[in-house]
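Top line first, the protein sequences correspond to chains A and B.
Numbered per our numbering, the first sequence finishes at 540, counting up by one with no gaps.
Numbered per our numbering, the second sequence finishes at 316, counting up by one with no gaps.
Don't read these hints as lab results, they were simulated from the structure.
A few of these clues could be false.
Stated by the list, open to error - Derived pair list, reagent style DMTMM-like, types lysine to aspartate or glutamate, alpha-carbon separation capped at 20 Å:
(1) A:K332 with A:E276
(2) A:K245 with A:E255
(3) A:K345 with B:D174
(4) A:K509 with B:D256
(5) A:K332 with B:D174
(6) A:K509 with B:D174
(7) A:K447 with A:D460
(8) A:K332 with A:D272
(9) B:K280 with A:D160
(10) B:K280 with A:D524
(11) A:K521 with B:D88
(12) A:K345 with B:E154
(13) A:K431 with A:D460
(14) A:K509 with B:E246
(15) A:K332 with B:D170
(16) A:K345 with B:D78
(17) B:K280 with A:D528
(18) A:K378 with B:D88
(19) A:K345 with B:D177
(20) A:K521 with B:D78
(21) A:K509 with B:D88
(22) A:K333 with B:D174
(23) A:K140 with A:E416
(24) A:K345 with B:D256
Below, each chain spelled out in residue letters.
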Amino acid sequence: MTMIKRGFAALAAGALSTALAMPAFAEPVKFDFWFGLSGDLARVVDTMCKNFNALQSDYEVVCTSQGNYDATLQNTIAAFRAGKQPTVVQVYDVGTATMMLSGAYKPADKLMEENGYKIDYADYFPGIARYYATSKGEMLSFPFNSSTALMYWNKDAFAKIGKTEAPKTWEDVGADLQAMKDAGYECPMAINISANESWQLMEQFSAIHNQPVATKNNGYDGLDARLEVNKTKFVQYVTDLKKWYDAGLIKIKSKDLGQDMVQAFASGTCQVILTSVGDHGTVGRTQKEGMNWDVAELPVYAGTERKNSLVGGASLWVLSGKSDAEYKGAAAFLNFIHDPKTALFWSTNTGYIPVTKSGFDYMKGQGFYDKAPYKGRETAIASLTASEPTEITRGVRLGNFTQIRAEFGTQMQAIFANKVSVQEGLDTLVKNGDAILDRFQQTYPGKTLP
Amino acid sequence: MEKRVTFSSWTIGILFAVPQLLLIFTFFYWPAGQAVYWSLTLQQPWGGGNIWVGLDNFRSILVNADYWNSITASLVFAGISTGLAMFIALVLAALTDRQLAGSRLYRVVLIWPYGIAAPALALAFRFILAPEAGFLSVVNRMWPGIWDPGLDGADAMASIIVAFSWKYVGYNFIFFLAAFQAIPRSLIEAAAMDGSGVIRRFWDIQFPLITPTIFFLLVINITESFQDSFGIVDIMTSGGPANATNLMVYKIYSDGFKGLDYSGAAAQSIILMLLIILLTIFQFRFIERRVHYG
């Protein structure tokens with residue numbers, strides 16, 4: 091009897107929900123937005139979605155966190171193959187090449203044009219826009235959460251060795267680390283050498299020094315691009331890092347070992363780290379009481395003309411196969427995110443930087459960068475805009491780049507464990523990376539990057 | 023005349039089997055068939071199309087030194103962790119079976135580890151084995167740098183073996199204890215009256231009588247060490263350092279889902295499946311001969 095009752099209740103509930111799902115008059119058009127941030131950042135995105143829904147009544151965005159970037163892409167692909175894809179999805183920087191070849195998106199610039207929004211694409215910082223634009227400069231997706239790598243340095247430790255400024259060259263870094271070691275610091279600098287650090291150690295370094303990661307302008311000009319990091323300045327960089335590691339000037343810190351490098355820096359254990367501006371807030375919140383620290387642009391080798399660093403983070407893609415009403419909603423949502431006020435909200439609550447000049451100016455005008463917890467984050471903008479992007483500092487556009495980053499981690503670990511020499515390790519990285527690129531190219535026969 | 027309802031045994035048999043067969047087909051044969059198809063093609067991740075490449079995927083995997091390294095790592099992992107988990111569980115079960123003080127408590131407590139999800143226990147072991155902050159940091163304080171799973175492949179392998187074995191000790195323990203308790207007490211008592219000691223009774227009476235259980239657990243442990251190791255590797259080492267713990271099942275995951283190389287991952291799954299089938303056939307063919315079913 092109770093079973094039957096329950097059955098009826100379920101039926102009734104089902105009927106009710108279908109009724110609710112029917113397009114009624116003045117009912118907002120719902121569309122899905124999937125993103126890959128979690129924890130604090132996910133809450134900020136949720137608030138942003140609520141703000142959008144409260145601001146207008148025509149559309150309702152349903153924001154769902156998929157946990158992390160990898161999972162977001164995997165789930166979106168699975169959903170797309172089943173025809174249940176979200177309208178808007180956040181895809182991380184290195185997924186750009188895969189997205190461009192997927193044929194599963196609606197170009198962002200066309201979407202905005204069709205729906206009557208005028209976006210000034212020149213307003214985007216060129217270093218950010220070019221990373222996501224086609225080789226012809228069209229924006230297929232909208233830059234969203236953006237960051238770049240910076241050097242975090244402990245002012246107290248540098249004061250001990252008589253320095254009041256962050257080192258600008260790697261030569262100075264070497265000397266300063268030695269001086270700190272001599273002054274009794276156990277861990278002058280912390281790095282990690284997993285797949286994740288390919289970003290600051292290999293990609294950012296190469297961009298700033300105007301060195302290619304791969305041929306064909308880092309892959310922008312064709313799927314037949316192949317790696318060449320085993321014959322650029324990067325070899326010298328890895329050699330130096332290894333030398334400093336052997337001399338005890340650099341320690342490896344990772345979560346697996348008990349303390350990651352951001353924690354090591356914030357606790358005052360290690361004095362220098364290279365990480366994303368996105369960690370600026372975390373360091374500020376978790377730092378040891380009274381510790382003085384600051385951020386600086388990544389150092390370069392002496393005699394190098396500094397170029398812009400690369401943007402990291404993710405962009406928002408609009409997927410194909412959705413209704414016009416949903417596309418209208420997506421366009422309104424993207425327009426909302428593009429707004430300088432949203433940029434201020436977003437950057438205040440996360441460590442990410444504004445992606446447009448107007449957003450940056452608006453935030454400067456509001457005095458954002460003068461206040462204590464946010465002071466220093468403008469260094470990221472300086473680093474991103476250090477020069478006009480060159481052909482090879484636009485970004486890195488290689489297929490299956492996630493696997494190449496994993497290979498980077500593997501070979502760096504082999505080098506640091508003395509299993510192979512620096513040159514051997516980087517040669518293997520190039521060889522295995524090329525096999526991955528080769529495979530990617532074979533998977534998309536006859537296709538070219540837009 | 024006797025009245026009896028009769029059913030065609032054939033139809034009714036099929037009818038009873040159908041739900042199960044449907045389940046097996048939907049969740050095993052269908053995906054497995056799909057994997058075979060994918061392994062013979064190059065799949066575009068977004069479903070834009072695929073190209074028939076025959077055995078190319080297998081060829082490129084089998085000439086890859088990293089893949090052979092992954093097979094070796096998996097075999098080492100399977101061998102050591104199975105041995106460790108079974109040996110420890112056997113000793114614990116034998117002792118618990120002897121009704122030593124507190125054995126009722128052990129009987130319950132020793133089963134718990136199996137109830138813990140692999141990622142959760144991996145997280146716990148990551149803390150325990152962390153070289154700088156964990157319990158094992160004591161070792162590093164005495165001999166600096168001796169324990170370094172972050173860079174030393176052997177240390178990392180030891181970490182995941184310990185974590186995996188810890189979980190399966192609980193599982194094996196249940197079966198061993200049940201097997202020991204199924205042995206008639208009178209046999210052991212008789213042997214005791216004849217003057218044989220604990221060790222002697224174990225080798226001559228208990229051990230031969232539990233060989234079916236040992237064989238069963240051997241097959242299960244080896245199979246599971248190939249499949250259930252994923253969560254532990256993912257949390258503890260992510261396959262590193264320098265691929266030292268990149269077990270076959272983890273490599274399938276990272277190539278397929280992180281690298282979006284669905285075809286290569288499908289081919290690797292087929293190879294893994296064949297390897298497990300081969301190992302199991304080998305065990306049934308050669309080891310089962312020595313098993314006495316009572």
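Checked against the structure, which of the hints given earlier come out wrong? Violated hints: 4, 14, 16, 18; rest satisfied.
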